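J.: Take a look at the letters that make up each chain.
2 protein chains.
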Amino acid sequence: MLEVCLSPNLIDLYELEGKNVVVVDIFRATTSMISALANGVSSITPIGNLEECRKMSQFGYITAGERDGAKAIGFELGNSPLSYLDRKYIGKKIAMTTTNGTTAIEKSKVKAENVLIGAFINLSATVSFLKKYPKDALIVCAGWKGKFNLEDSLFAGALVSYLSDAFRIECDAAIACKNLFEANSSDLRRIISYASHTKRLQNQNIEDDIEFCLNLDLYKIIGVLRGSEIVAEN
Amino acid sequence: MLEVCLSPNLIDLYELEGKNVVVVDIFRATTSMISALANGVSSITPIGNLEECRKMSQFGYITAGERDGAKAIGFELGNSPLSYLDRKYIGKKIAMTTTNGTTAIEKSKVKAENVLIGAFINLSATVSFLKKYPKDALIVCAGWKGKFNLEDSLFAGALVSYLSDAFRIECDAAIACKNLFEANSSDLRRIISYASHTKRLQNQNIEDDIEFCLNLDLYKIIGVLRGSEIVAEN
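These protein sequences, in sequence, are chains A and B.
Per this note's numbering, the very first residue in the first sequence carries number 392; after that it's consecutive.
Per this note's numbering, the very first residue in the second sequence carries number 392; after that it's consecutive.
By construction, these hints were calculated from the structure, which means they are not laboratory data.
Note that the structure is predicted; figures quoted are calculated from it, not measured.
For every residue, glycine included, the Cβ atom is placed at its ideal position computed from N, Cα and C.
Keep in mind that the hints are not guaranteed to be accurate.
Derived CB-CB ranges, DEER-like [to be verified]:
| hint | chain 1 | residue 1 | chain 2 | residue 2 | range |
| --- | --- | --- | --- | --- | --- |
| 1 | B | 584 | A | 611 | 55 to 63 Å |
| 2 | A | 599 | B | 442 | 33 to 41 Å |
| 3 | A | 443 | B | 620 | 46 to 54 Å |
Short derived list, chain B residues pointing at chain A, Cβ under 7 Å [claimed, not checked]:
| hint | residue |
| --- | --- |
| 4 | 567 |
| 5 | 574 |
| 6 | 583 |
| 7 | 587 |
All chains should be modelled from the sequences, with the hints used to inform the complete structure.
T.: This is the structure we're talking about:
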C-alpha cells in the first residue's frame with residue numbers, strides 16, 4: 392500500500408509503524424541533503440531546534456540553518472543544494488535545521504521502519520529502493536508551515552506514478568498527486584512557477600537553487616536515516 | 392484572495408475573519424443540505440454531537456444523522472440527498488449531524504463573515520454569490536476523518552476555476568485543485584470512481600446518491616448559515 396500525507400500537521404492520521412516513509416521538501420531541504428551526500432558529505436544530522444543545531448559546531452559539525460527561506464544567523468551554511476557542488480565538505484558531518492523539512496523528519500522517525508529523503512535529483516534511486524524492499528510506504532510532504540505545497544506534492548505524484556505498478560493505491564491524496572504530476576510532467580517548470588514558494592524564493596534571488604531542485608536523477612544514491620544521521624546508500 | 396483548506400484539521404492555519412467560507416462535503420452532507428433546502432425544507436441546523444442532534448426531535452425537528460457512511464441509530468433520516476426529492480419535508484426544520492461535514496461547519500462558523508454550503512448541484516449559484524460579494528474567500532474541504540479526499544478537492548477546483556478571473560490566487564492548494572478539476576472536468580465520474588469514499592459508499596449500495604451528488608447546477612439557490620441555521624437564499 393502506498394499513501395501520501397500532504398502536511399506534517401496531518402501525520403498523526405497515518406500509521407507509520409513498519410513502513411518506509413519518504414520525507415519530501417523539494418525547495419530545498421531534502422534536495423540539499425541529497426546534494427550534500429552525493430558530493431561527499433559523510434552524514435547529515437537533522438535537528439528541529441535552531442539553537443541546538445547551532446551548538447553542534449562545537450562538536451566538529453558543519454552547521455546549516457534556514458528559517459523562512461533565508462540563511463539563519465550564526466550558521467556556516469544556509470539551505471542551498473548548490474553549496475555542496477564544489478565538494479568542499481567531503482567527509483564532513485553536517486548538522487541541519489530548516490523551516491519545514493527537518494520537522495517532517497522528526498515527526499516521521501519515531502515509528503517508521505526506514506526514513507528516506509526524497510528529491511527529484513535522486514527520484515529513480517528512491518523508486519528502486521521502494522520497489523526492492525516492498526513494505527507499505529508513506530510519502531510525507533513537508534509543505535510550508537503546515538500548509539500543502541505544489542512542489543512537494545508534484546514529487547509525491549512522481550513517486551506514486553512510477554510505483555503504481557508495484558503498490559496498491561487507495562489513498563485519495565496519492566491519486567490526486569499522481570494525477571497532478573502526470574498532467575504536468577512534460578513541463579514541471581510551468582506549474583512550479585505558480586507555486587507560492589517559488590515566488591518566496593525568487594524574492595531572495597535564488598532562481599539557480601530552484602532550477603537545480605527540478606533536475607531529474609542527477610544522483611544514484613538514496614538518503615536514509617540510520618540512527619540520528621542521514622547517510623547515502625546505493 | 393481565494394484559498395483552499397484541504398482538511399478541517401488544517402483550518403487553524405488560515406485566517407477566517409471577514410471572509411466568505413465555503414464548506415464542501417460532496418459525499419454527501421453539503422449535497423444533502425442543498426437538496427433539502429431546494430426541496431422546501433425551511434432550515435438545517437448542523438450539530439456536531441450525535442446525542443445532542445438526536446434530542447432535537449423533542450423540539451419538532453426532523454433529525455438526520457450519519458456516522459461512517461451509514462444512517463445513525465434513532466434518526467429519522469440518514470445522509471442521502473435523495474430523501475428530500477419527494478418534497479415530503481416542505482416547511483420542516485432539520486437537525487443534521489454527519490461524520491465530516493457538520494464538524495467542518497462548526498469549525499468555520501466562529502469567525503467567518505458568511506458560511507456557504509457548497510455542492511456541485513448548486514455550483515453556479517455559489518460562484519455568483521462569491522463574485523457578487525467579493526470578499527476574500529476560503530474553501531474548506533470536509534475530507535474524510537481529517538484526511539484529504541478527491542471529491543471535495545475536485546469541487547474546490549471547480550470553484551477556483553470559475554472564480555479565477557475575479558480573485559487573486561496565490562494558494563498552492565487552490566492551484567492544485569484547479570489543475571485537478573480542469574484536467575478531469577470532461578469526465579469527473581472517471582476520477583471520482585477511484586476515490587476511496589466512492590468505494591466506501593458503493594459497499595453500502597448507494598450508487599444513486601453518488602450519481603446525484605455529481606450533477607451540475609440542478610438548483611439556483613445558495614445555502615448560507617444565518618445564526619445557527621442554514622437557509623436558502625437566491
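J.: Of the hints given before, which are not true for this structure?
T.: 1, 2, 6
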